[in-house]
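A.B. asks: Here's the letter readout for the chains.
2 protein chains.
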Amino acid sequence: MSFNNLLYLVAVLFVLSACQQTPNQENSDYHSTASATPQINKNDKLTFKEYDIKTVGFLVYDGVNSLDVFGPHYVLGQLMGVERKFIALEPGNIKTVMGIEIVPNTTIDDVDSLDILVIPGGFRGTIEAAYDAKVHQWIRDIDKTTTYTASVCTGGWILASTGLLEGKKATTNWYDAENMLSKYGATFVDERYTNDGKYWTAAGVTAGMDMSLALLAEIAGEDYAQGVMLDMEYDPQPPFAGGSPEKTRPAVFEYMNGMYKAGVDAIIEEMEAGEADREALD
Amino acid sequence: MSFNNLLYLVAVLFVLSACQQTPNQENSDYHSTASATPQINKNDKLTFKEYDIKTVGFLVYDGVNSLDVFGPHYVLGQLMGVERKFIALEPGNIKTVMGIEIVPNTTIDDVDSLDILVIPGGFRGTIEAAYDAKVHQWIRDIDKTTTYTASVCTGGWILASTGLLEGKKATTNWYDAENMLSKYGATFVDERYTNDGKYWTAAGVTAGMDMSLALLAEIAGEDYAQGVMLDMEYDPQPPFAGGSPEKTRPAVFEYMNGMYKAGVDAIIEEMEAGEADREALD
Numbered sequence: 386m387s388f389n390n391l392l393y394l395v396a397v398l399f400v401l402s403a404c405q406q407t408p409n410q411e412n413s414d415y416h417s418t419a420s421a422t423p424q425i426n427k428n429d430k431l432t433f434k435e436y437d438i439k440t441v442g443f444l445v446y447d448g449v450n451s452l453d454v455f456g457p458h459y460v461l462g463q464l465m466g467v468e469r470k471f472i473a474l475e476p477g478n479i480k481t482v483m484g485i486e487i488v489p490n491t492t493i494d495d496v497d498s499l500d501i502l503v504i505p506g507g508f509r510g511t512i513e514a515a516y517d518a519k520v521h522q523w524i525r526d527i528d529k530t531t532t533y534t535a536s537v538c539t540g541g542w543i544l545a546s547t548g549l550l551e552g553k554k555a556t557t558n559w560y561d562a563e564n565m566l567s568k569y570g571a572t573f574v575d576e577r578y579t580n581d582g583k584y585w586t587a588a589g590v591t592a593g594m595d596m597s598l599a600l601l602a603e604i605a606g607e608d609y610a611q612g613v614m615l616d617m618e619y620d621p622q623p624p625f626a627g628g629s630p631e632k633t634r635p636a637v638f639e640y641m642n643g644m645y646k647a648g649v650d651a652i653i654e655e656m657e658a659g660e661a662d663r664e665a666l667d
Numbered sequence: 386m387s388f389n390n391l392l393y394l395v396a397v398l399f400v401l402s403a404c405q406q407t408p409n410q411e412n413s414d415y416h417s418t419a420s421a422t423p424q425i426n427k428n429d430k431l432t433f434k435e436y437d438i439k440t441v442g443f444l445v446y447d448g449v450n451s452l453d454v455f456g457p458h459y460v461l462g463q464l465m466g467v468e469r470k471f472i473a474l475e476p477g478n479i480k481t482v483m484g485i486e487i488v489p490n491t492t493i494d495d496v497d498s499l500d501i502l503v504i505p506g507g508f509r510g511t512i513e514a515a516y517d518a519k520v521h522q523w524i525r526d527i528d529k530t531t532t533y534t535a536s537v538c539t540g541g542w543i544l545a546s547t548g549l550l551e552g553k554k555a556t557t558n559w560y561d562a563e564n565m566l567s568k569y570g571a572t573f574v575d576e577r578y579t580n581d582g583k584y585w586t587a588a589g590v591t592a593g594m595d596m597s598l599a600l601l602a603e604i605a606g607e608d609y610a611q612g613v614m615l616d617m618e619y620d621p622q623p624p625f626a627g628g629s630p631e632k633t634r635p636a637v638f639e640y641m642n643g644m645y646k647a648g649v650d651a652i653i654e655e656m657e658a659g660e661a662d663r664e665a666l667d
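Protein sequence lines, in the order shown, are assigned to chains V and U. First residue of the first sequence: 386, per this note's numbering; consecutive thereafter. First residue of the second sequence: 386, per this note's numbering; consecutive thereafter.
Hints are computed from structural coordinates only; laboratory data are not their basis. Any given hint could turn out to be false.
Identical chains blur together in the list; that is why a pair holds if it fits in one copy or across any two.
The calculated lysine-lysine pairs, modelled on DSBU-like cross-linking and capped at a C-alpha distance of 35 Å, are [as the list claims (entries may be wrong)]:
#, residue 1, residue 2
1, K519, K430
2, K519, K646
3, K583, K480
4, K646, K439
5, K529, K434
6, K568, K583
7, K632, K529
8, K480, K470
9, K632, K554
10, K583, K553
11, K632, K439
12, K430, K646
13, K646, K434
14, K583, K632
15, K529, K480
16, K439, K480
17, K430, K632
18, K519, K480
19, K553, K529
20, K519, K632
21, K646, K470
22, K568, K554
23, K553, K430
Please model the complete structure; the sequences and the hints are all you need to start from.
C.D. replies: Next up, the structure:
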């Protein structure tokens with residue numbers, strides 16, 4: 386369930402509560418529409434941080450990983466009053482790596498500032514973007530306007546490729562992580578998510594949700610983030626261990642790692658050959 | 386990162402491995418393209434269950450919760466050889482509850498069988514579907530053809546409203562969960578996910594991922610599911626406790642519960658009034 390519109394209401398209540406009004410008074414919209422009487426200890430005040438985030442943009446492209454983008458979109462998109470944008474590299478619909486067609490809101494040519502930029506990962510399209518000078522320039526330009534610049538999974542390869550993570554600690558998808566960041570001058574930290582100043586980076590796919598909840602708490606306070614966490618019933622209970630190289634059975638890990646290597650290395654070689662060709666032409 | 390196409394390859398390897406071939410032999414596609422030599426104990430065989438799942442369909446509608454659908458889609462969609470379909474109630478694009486426009490693959494009028502049906506939740510559109518006789522009939526018809534019929538979050542309200550969960554145990558989003566299932570004759574169990582025969586049901590939003598991984602393990606074996614789990618780096622580490630009524634600060638829970646109550650009850654009343662009107666006309 387999601388109650389995006391209703392979150393405006395709860396945000397009002399957070400503010401009211403922070404203003405030291407008692408939660409059981411009768412003059413809030415909540416109590417005028419809900420019949421249940423909350424059993425809240427009067428000392429158990431909700432807190433709400435004021436913030437100045439008005440736009441959150443998600444870079445999307447053919448082959449983007451749907452969960453890389455919809456996880457953070459669901460969390461950060463619930464900041465009240467925020468405008469959410471799926472921003473494509475060019476006009477037209479995009480297809481996720483799993484083949485679902487999505488209608489972006491706009492393109493990079495029409496966006497020149499954002500309060501939060503989120504760069505999700507994927508597969509071929511991600512590597513292509515990491516070698517695309519126009520994408521680099523757009524990210525660097527937008528970054529000058531952001532309060533936070535974030536990446537999820539292999540989106541960290543794109544972000545790092547712009548040079549913005551140089552000398553900074555960051556994380557990314559587990560595959561060849563140290564190398565994929567150090568080649569751009571960033572320092573890999575083996576964390577689920579991390580931040581170095583305004584640069585927030587998450588490990589693979591679902592780590593984007595953990596990062597986004599932490600960022601949401603930084604922006605609007607932990608009560609607000611816990612409200613969103615309850616809305617998405619995020620009390621994860623995976624059916625068995627796994628999800629990181631260390632927790633995965635060695636035989637499974639080796640096969641997955643080999644499969645990634647086969648897929649990724651070929652595309653990187655292709656991109657670097659193209660880059661060398663362009664340099665030779667210059 | 387997602388390697389849907391490459392998963393065909395790993396599946397082949399799982400089968401080879403299950404056939405007792407040693408993982409370091411030279412005749413697999415994997416070893417011909419990857420240069421790393423997996424360090425696998427020869428006794429550490431990968432296992433792979435054969436299955437007969439060819440189609441997975443996700444019911445989508447205006448107001449569907451994006452994570453309810455993209456979580457299970459990402460997990461179950463990685464079954465090799467499976468056809469994935471976003472199935473809308475009528476022709477045209479749909480918008481998720483967070484406002485992202487998606488192009489469905491087909492409509493309920495054009496789908497008459499599925500191996501797996503997944504019914505995600507949402508807000509207004511979900512409640513409307515739970516009072517829509519055409520939707521009920523389609524789900525009951527499809528269910529006659531499925532190996533598994535599943536719901537996520539308030540999608541459980543839709544599934545239960547068809548009568549298919551009568552006398553069965555099930556779970557759903559935390560809000561008013563016991564009542565929302567018992568009104569349709571199902572027995573609420575307070576679990577992250579559960580199954581009663583072929584009916585798999587998940588608690589709110591992100592519980593759909595846990596359910597889907599468990600279902601994937603049942604279908605293709607735990608090694609396969611652990612491979613997908615590593616692909617999505619699903620080793621969750623929420624930044625703070627929360628995500629269930631019990632783990633949420635009481636003040637936050639009460640506000641969220643009240644907000645849901647305000648939103649949901651009004652729509653249910655509207656739907657039931659409409660149903661009463663239709664009965665009066667009959």
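A.B. asks: Now tell me, hint by hint, if it's right for this structure.
C.D. replies: Comparing the hints with the structure gives:
1. K519 x K430: Close neither inside one copy (48 Å) nor across copies (46 Å); limit 35 Å.
2. K519 x K646: within (27 Å within a copy, 48 Å between copies)
3. K583 x K480: Classified as both: same-chain Cα gap 30 Å, cross-chain 31 Å, threshold 35 Å.
4. K646 x K439: between (40 Å within a copy, 28 Å between copies)
5. K529 x K434: This pair counts as within: shortest intra-copy Cα distance 24 Å, inter-copy 51 Å.
6. K568 x K583: Close inside one copy (21 Å), not across copies (49 Å); limit 35 Å.
7. K632 x K529: For K632 and K529, the Cα distance exceeds 35 Å both inside one copy (39 Å) and across copies (39 Å).
8. K480 x K470: For K480 and K470, the Cα distance is within 35 Å both inside one copy (16 Å) and across copies (14 Å).
9. K632 x K554: both (24 Å within a copy, 32 Å between copies)
10. K583 x K553: within (11 Å within a copy, 50 Å between copies)
11. K632 x K439: Between copies only: 30 Å across, 39 Å inside.
12. K430 x K646: Only across copies: K430 and K646 sit 21 Å apart there, 51 Å inside one copy, limit 35 Å.
13. K646 x K434: This pair counts as between: shortest inter-copy Cα distance 25 Å, intra-copy 44 Å.
14. K583 x K632: Both ways: K583 and K632 sit 30 Å apart in one copy and 30 Å across, limit 35 Å.
15. K529 x K480: both (29 Å within a copy, 32 Å between copies)
16. K439 x K480: This pair counts as both: shortest intra-copy Cα distance 27 Å, inter-copy 21 Å.
17. K430 x K632: Only across copies: K430 and K632 sit 17 Å apart there, 39 Å inside one copy, limit 35 Å.
18. K519 x K480: both (21 Å within a copy, 30 Å between copies)
19. K553 x K529: Within. Shortest intra-copy distance 17 Å satisfies the 35 Å Cα cut-off; inter-copy 56 Å does not.
20. K519 x K632: Answer is neither; intra-copy 39 Å and inter-copy 46 Å both fail.
21. K646 x K470: Classified as both; 33 Å inside a copy, 29 Å across copies.
22. K568 x K554: The answer is within: 13 Å in one copy meets 35 Å, while 53 Å across copies does not.
23. K553 x K430: For K553 and K430, neither the intra-copy (37 Å) nor the inter-copy (40 Å) Cα distance is at most 35 Å.
Checked against the numbered hints listed earlier, the structure breaks hints 1, 7, 20, 23; every other hint is satisfied.
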